[in-house]
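Protein chains in written order, with full-length UniProt numbering: chain S, 1 to 95; chain W, 1 to 142.
If you are wondering where the hints come from, they were derived from the structure by calculation, not from laboratory data.
Where is the CB? At the ideal position from N, CA and C, for every residue including glycine.
Any given hint could turn out to be false.
[What the hints assert, rightly or not] A few chain W positions that, by computed beta-carbon distances, are all more than 12 Å from chain S:
| id | residue |
| --- | --- |
| 1 | ASP7 |
| 2 | LEU8 |
| 3 | LEU9 |
| 4 | PRO10 |
| 5 | GLU11 |
| 6 | SER12 |
| 7 | ALA13 |
| 8 | LEU14 |
| 9 | ARG16 |
| 10 | ALA17 |
| 11 | VAL18 |
| 12 | VAL86 |
| 13 | ALA90 |
| 14 | PRO93 |
| 15 | GLN97 |
| 16 | ARG108 |
[Said to hold, decoys possible] Quick partial rundown of chain W residues pointing at chain S, CB under 7 Å, derived from the structure:
| id | residue |
| --- | --- |
| 17 | GLU26 |
| 18 | PHE34 |
| 19 | TRP39 |
| 20 | ARG67 |
[To be verified] Partial pick of chain W residues on the chain S-facing surface, computed with a CB cut under 7 Å:
| id | residue |
| --- | --- |
| 21 | ALA30 |
| 22 | PHE44 |
| 23 | SER69 |
| 24 | ILE91 |
| 25 | PHE95 |
| 26 | THR109 |
| 27 | PHE113 |
| 28 | PHE114 |
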Amino acid sequence: MTALLGQAALWVAAFGLISAVCAAIHLRQVQPVVALLADFLLAAGLIRLAGEPSWDSLALAASTGAVRLLLGAALRHRASGIGARRGGGGGGGSG
Amino acid sequence: MSGMDWDLLPESALHRAVDLTVRLVEFGGAAVIFIGAVWAFVQFLLLGVRRRRPRNARPIAGFNRIRLSLGRFLALGLEFQLAGDVLRTAIAPSFDQIGQLAAIAAIRTGLNFFLGREIEAERREVERLSAHDRGGATAPAP
Numbered sequence: 001m002t003a004l005l006g007q008a009a010l011w012v013a014a015f016g017l018i019s020a021v022c023a024a025i026h027l028r029q030v031q032p033v034v035a036l037l038a039d040f041l042l043a044a045g046l047i048r049l050a051g052e053p054s055w056d057s058l059a060l061a062a063s064t065g066a067v068r069l070l071l072g073a074a075l076r077h078r079a080s081g082i083g084a085r086r087g088g089g090g091g092g093g094s095g
Numbered sequence: 001m002s003g004m005d006w007d008l009l010p011e012s013a014l015h016r017a018v019d020l021t022v023r024l025v026e027f028g029g030a031a032v033i034f035i036g037a038v039w040a041f042v043q044f045l046l047l048g049v050r051r052r053r054p055r056n057a058r059p060i061a062g063f064n065r066i067r068l069s070l071g072r073f074l075a076l077g078l079e080f081q082l083a084g085d086v087l088r089t090a091i092a093p094s095f096d097q098i099g100q101l102a103a104i105a106a107i108r109t110g111l112n113f114f115l116g117r118e119i120e121a122e123r124r125e126v127e128r129l130s131a132h133d134r135g136g137a138t139a140p141a142p
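Using the sequences and the hints given, assemble the complete structure.
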């Protein structure tokens with residue numbers, strides 16, 4: 001089952017990369033795309049964590065989650081700053 | 001009853017049953033996350049293929065809606081995995097395993113908490129944008 005979960009995690013990471021490229025082409029913005037990629041990578045880490053729990057996979061999932069949280073908070077902070085500077089018009093700015 | 005060589009509920013049977021249940025529940029959580037990822041992937045592909053969109057629609061609105069659904073799938077899968085953790089505490093025999101269990105449960109609980117807050121923030125953003133668009137299309141917003 002661990003091998004199956006590892007394969008699933010790989011697929012999810014690949015899906016995330018392709019989705020991020022699609023979203024980048026569609027949106028032409030950097031911040032939301034990075035947040036989306038972090039979401040998919042977190043999903044991959046969570047799937048891998050469901051298999052055989054080891055300290056390695058634990059550390060991996062924890063660091064992915066922490067990076068993702070930091071990125072999300074920083075990008076949202078920056079986006080809201082840009083939105084406020086523009087008079088509250090847009091939700092995000094182009095990177 | 002000195003020669004009692006059978007138990008009503010042998011510990012090994014309990015171990016096997018809990019182990020099987022934990023595997024099923026954790027696999028269910030992983031399946032939920034995987035399905036959510038596949039669904040979001042298909043939606044993003046459609047979003048990338050569909051070039052034409054209504055004049056007033058913002059591209060970020062559709063994107064946010066899909067990301068919100070992905071976040072909900074992630075939160076649901078995390079709940080399943082937390083359930084598996086709680087079940088596993090029934091049969092944790094060594095301190096090493098208990099430590100791992102505590103770390104996993106802490107990570108998943110923290111992630112679930114922050115994910116919930118993020119989902120709430122994004123939901124409000126989606127509602128604000130759609131209300132803004134509706135107000136801009138028909139009448140000035142109050």
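Q) Tell me, which hint numbers fail for this structure? A) 15, 16, 19, 23, 24, 25, 26, 27
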